[in-house]
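Letter by letter, the chains look like this.
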Amino acid sequence: MNDQPVRTKQLKVGLEIHVELQTRSKMFTRTPNVAHPEFEGADPNTLVDPVVAALPGSLPVMNKAAVEMSMMVGLALGCEISEFSKWDRKNYYYPDLPKGYQISQYDLPLCLDGAYTIDSVHGDRRRIGITRAHLEEDTGKLGHELPGGGSYPGSLVDLNRAGTPLLEIVTEPDFDHAEDVVTFAQELRGLCRFLGVTQGVMQKGHMRFEPNINLEMVLDDGTVVKTPIVEVKNLNSFRAVLGAIQHEYDRQERAWREDGLVMGPGAKSTRGWDDERLVTVLQREKEDAHDYRYFPDPDLVPVVVDRAWVEEVRSRIPELPSSRRERYVRDHGLREKDADVLLEERSVTEFFEAVVEHPDSGGDAAAVCKLLLNQIAKLANERGCLIDQLGLEAAQVAGVVALRREDRIGAQSIDPLLVRLSETDEPADAVAELAGMLVVRDDSQLEQWCLAAIEANAQAADDVRSGKMAAIGRLMGHVMKASGGSADAKVVQAKLRELLG
Amino acid sequence: MSDGRFESCHGIRDAVRSGTRTAVEVITETLARIDRENERTNSFRDVFHEEALAAAGRIDRMVAKGEDPGVLAGVPVGIKDNIATTEGTLCCGSRMLEGYRSPFDSTVVERLRSAGAIPVGHTNCDEFAMGSSTETCYFGAVRNPWDPARVPGGSSGGSAAAVGAGLVPLALGSDTGGSIRQPASMCGCVGLKPSYGRVSRYGLVAFGSSLDQIGPFTRSVSDAALALEVIGGFDRLDSTSVEGTCEDCRIGEVPLEGLRIGVPVQYMDPGSNEPDVARGVEEVIERARSGGATVVEVDLPLTDKGISTYYVIAPAEASSNLARFDGIRYGHRTDRATASVDELYAASRAEGFGEEVQRRIMLGTYVLSSGYYDAYYNRALQVRRLIKEEFDRAFESCDVLLGPTAPTTAFKLGSKLDPMSMYLCDVYTVNANMAGICGVSIPIGLGGTDGGGLPIGLQLQARAFDEATLLGAARSLERLVEFGYERVPCV
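Protein chains in written order, with my numbering: chain A, 1488 to 1988; chain B, 33 to 523.
Bound conformation, chain B alone (with noise of 0.2 Å):
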């Protein structure tokens, strides 16, 4: 505790603007602890050393003339492996992307850097955001702080994994069928993915184009509404986001009294969750009853067709979103005499990419094709307005939606061989990506079949553009559950 490790961003900010801390004492610890620790989790990829530090002082300079070094000031950050930053290496967990350097900084990092944080570090994700493990990744697995046998969930298992683990307050990651939510909810830390549109993906490598949202790792509620107020807003650089900043999104006092919480059947059925997640959830739901909240439950009969109309959209997507990976300009080629150019670009993809990746760029390409692409993608596409409008229907009797977040509490590496049961690992929150709508999962105690100890999370969902109440909520659960980050096993 003494070293900082579990301090906020709140209490990092108000300590370097009160200058009894300096940005760059913050960012010598935090440095120090990655490279002391990176080690036993394999969370970050790149540390950018001299660039943080370099950042830092200049806080201290603007702190030491009065001038406002911003709401994050000498927070540290961790940045997801797909979000281009003008520091380091940028390479989405793939070889094809080794030692790739991005000229451009995305939007979010822009936006926080101008708010004083400092990118610390790339942390390791699935190849390309490809995964519910992060054992996809092509810089190795990374492994879950609670308990280094065991995945810290993906795609953004890195930046969960830091977070967990108390290496910074705060990292980014991007979810595009819960690639947020799950690792947070198996590392023991609060990830938001915010509603479709709400944060720029201008620097984020696209995945699924229309699923795809930035959102941060924090270890508070609180700290994650901040982290979102500041990457949040209108960017004239990514068409896609929505007009207007993000005030509408400043946390506010949820009480309790008066929440109208909505229970999916379909999130609790007996059987289909680790006895330990139902019963945590299930606790929760009765401690918030009596903390006044009204209880209704909900029917939201798509719940399990979410998986199979993702599968065909988000790959579709990744098709073409990932062509340009062709080895002409960057990128791996391929070291192989090739007699023709199309010969170059299927040696080089075929060496750059992994096997997951090839194989959700294949059945992209085979859905999108004629003949298939009604069958498929048109169907995915009609399913998917019918998952959105049942969300509709449901926030008519209720401000947010409550259950687990993943079924299960995180697993051990290489357990789920076959892709069906790691797909099934988003089954609680790839519909949230499919309709646009705001989710957080929070950690609410420890458990699990084999010995216990993994954390569970809880997810909450909200209307799209909704965070305000998204997240005063789970401000309030979180003050029921007080999960003690701290107990995470340190080296």
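Pulled out of the complex, with its shape left as it was, chain A reads as follows (with noise of 0.2 Å):
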């Protein structure tokens, strides 16, 4: 029992991401890959081939397309891309991976050596240092429950997962704060699925991440202590990040005192992370005893990448979330809360941005994202799809904030409006004005209009003139049903006022 009080307590955190790429096929074999969209439902067992199956004879093939997403998320986070690398086998024995070994990427990863920064919870920049980020093949999985529900007393193994390409990013031990940690984690996402190589769903294990926690105290004599690092493993959401992190943080201090173990060989143990009692169990005291056995796989050749290779990635990676953000705040004067909304989808942002550059919108930005985040935004949650999966042409959008610009239309035809645009291609001002939507300014139409309203009303129209102006909305209801929504409200006000007296 260590009761020394302890001056300081430092964490240290790094951390591994595990992102599974939605390339067509799989990592060695031409079957589709089920963290693809299109065959993310596929039934148990139906994404097989004699390669995922291993069966005796058959032999891996490299998708590039998942090397070349990997290059693209290396070359996003500043990475190296290696000349030459290669592939090794990680050889162990269970029932989710069929060859008993994973091909996976060992002394020679494909990208090398980067950096991304964060705005860190100290109110700093900071930069998180990437050590290396390797290709391998995910393993199937293990359940005990039969497809359709109910439950298997024995194990059952669905292989669809098995081979699907996954991308291991590694950082340094850069960071200091459980908040940093699930800050990078998620911007990390948003620029993987700004890249196109996962659609980040974390409940569907898309991203998975592990980190690796220690403390370093400094006791009050002096002494430095660092405590025994745990990897923790397997989280799929920012939440079981934050919070098993922040479980370390104290559990870490008083496992010292109980039993003094600091860092050292062999220190090393793994946990998981139990989401309803909010804490990390141990799962393996000593990481060092699996003997993995790792050799250069003879079945595959080794990964030659030259220059023009790389810049022709690098030419597909679009402008990044976080670059865009710092432009549309900066530029355009947009809140970040409102930037960070457009920016989850990249298709958002691109259409965003096109409605911006249209002439029609003014490149009034702040009014585009306006009308994007409320009223489009809310068609589009009625029909349970994107922003820009409506049907709507940027230069339509861009068309309703000219219309509005210049009060050619009431705020209470941009729903009908927008819904009429979803189904033509027609540009938004005729769209308005076959459906009458324009702004009336002609007096006698509007006079007639008017008339006509106290006539059918005469009761109301009798007490306006008494001074009862409540009743003034009745007659202004008579006048805009008549008028299809074209009359402008205040005009019309305006002009029964004039006419009662």
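Keeping only pairs whose Cα atoms sit at most 30 Å apart, straight-line, the calculated DSSO-like set for lysine-lysine is: (1) A:Lys1628 to A:Lys1691; (2) B:Lys337 to A:Lys1573; (3) A:Lys1573 to B:Lys420.
Treat the hints as calculated values from the structure; they're not laboratory data.
Join these two chains into a complex; the hints should help.
Here's what the structure looks like:
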């Protein structure tokens, strides 16, 4: 039992991230990949071929698309792309691992030595070193539940996920705060989604996080104590990442007080996260106990990447969310919160930019943003799709912005106009006109509608004349209805007052 | 002779194409011969009666319609039991895969089919191709057609015996350290190990992936060349197969005049070879010299390092390649009640694998273990590089290397009980696999210390992807010796 007071206590975290790449086919064979949106609902063991099931005589062949996706992520994280990398076998037995080895990259990964900067919880910008990013194949899944429900007494193997390309990104232990880890994890998810390498649906396991955590404490007498490193496996929500690190921050000090164990060879342990009790749970005592007998896979040739290939892949990388966010806030005056919503989906971002760039919108990014995130987002929500999937053209949306700016349509016309626009390719002003949504400025027409309203609502008219102004609403309603919404409410009210003295 | 027992692939092909014989006749005779005589050598484990006859019928219909049935039209082929076919079962000579059916064809079999060849059965081999005598085969040892008390060599013993005995004119084998050339030498047939990457390994059950190569057994060099032309060439299903077709390996005339033959001193060391083997090879050298060839002595000091290097690299790869046989998805699974999945693995594998396979898995697991990796596996890779460089230097002064294929003629069943003496059978052949070069064994005569009458094999080796020179030179030597395949004792 150690009860010496601690003077300072510093958290140290490095992060490993597994990203399932959404290539059409698997990492080493042409069978469809379950992480691709088109195949994610496949019945168990239907995405299987001789290579996936490791039938005798089958051989792996590298999927170039997976390598290019990894290069994209690597480049976006500022990594060097290795001119020469190779495939290694990681040997171990498990029923979800058909070959008895996993093809991975051991000592020569595809991407090396990058960095990514985040806004730290401490108020400054922090550079997070990226040690490496390498490609490997995912395993299958073991379950005890029958398809369609009902439990099974033994283990069931589903090989649909076996062979899905998996990009493993490893950071330096540069985090000192759980919230920074989450910020990084979220931004990395955004970045990967933006690059189109994953849908990034956490519940589906598209991204899995594994923080390596320990503490550096300075005791009252000046002694420095480093606690043993704990790796928390397979976290698939940001809440779990935050919770696991916060829990370890407390637990490791308590553990050290009890057992006095410090960092050293063989002292690393593996823990899991209990989502209900909100604690980490010991899984394996000594990481070093496993000998994976890595050796170069003789079935595959090394990956040789020349400069031209790197540049070709680099040219396909779009402007990244972090840079766009800065631009939206700085140049367009958007609120950071709104910018983040626009940046969540690359297609939405691109739609937003297309609208802003259209001459009709007058470059009024704030107005475009407002329209997209209010009325258009509402409509998209109703239809269960993304903003850019409503069938609206960027030019049409810019047209709506213009109609509002010029006060040619009333606010109440926006929703019905958008509905009509989503069904046609005609420009916004033509559709608004045809639908009689344009604000009527013709005085004689307005007067006719008002007179008709007074005639039809004699009682209300009398009330207004006698000073009960509340009754004017009924008259206005009549006019607006007669005009099909094209009358300007302010002008109508003024006219009615004029006519009723 | 009247039953076409010793007919060549070329001969059958020409007869079937021209309509003088039907493929159905050829296959019917072949199947009858196998049914009648297989007991004598145990060459075939499984015979594809119905499928072979159906395929023959298709070939005949093509001929009738005037379509081209391919360059191997109607040629019956024996397939080593570690090469996948959709017919029959694929067992690799192991209890582990007893009854296993492959849902797909290997690339070589697919190519043979499209060239009109007809797979007639799976031939027995050492378990997972591990052995040099075909005695580790779970389905019984194969016996040498020249003397049933002797082994056929291995691991492709069934294929070699089938061709040597005249059951089929063509069989496929696989060669990881000599498993085509050594049995070819002992069974009196031609056995070709192509350069690494020449022939697709897709569908070959892997033993040592960086060493394995499929090749043909035939009774003439030109038949071997024909078969290679069909099965060779790039395959998108095998990343280690080399770009391009196999046209550059088409056999050409390589006259003895001007041919530079290198004879490694280490291959002819007095005392290392059986007297008849040494004498036979020396005689061919003499005749080649009189035929106009230049014979130069070359030095390959790493010759005897091959075996020890091989027995690090091949088992290392095998220990990983054979991990998939875990009893979960296919293959042998123990009937015993097991308490954990680890126990299930251990029991299934202990029951499914034979002694030699288990020995090599343990050896391979050991050399890859952390702490031993550098001392064994990495060191072996370094030696492998040196062996390759040694060959490169040797080929500066000669076009082909010549020597005995194996130090001895066929030995008696059960006579090599300790693994080490068995491993040494491959002393002249393993290094070609280490270096990825091509090699061929051709029969040059009969002899042997114990009464004689056993085939003696001569090995030629050439630069990687220089099969044209290798086969051309082999054919020139073949003409010098006129082996006489029909001398093999028949039933």
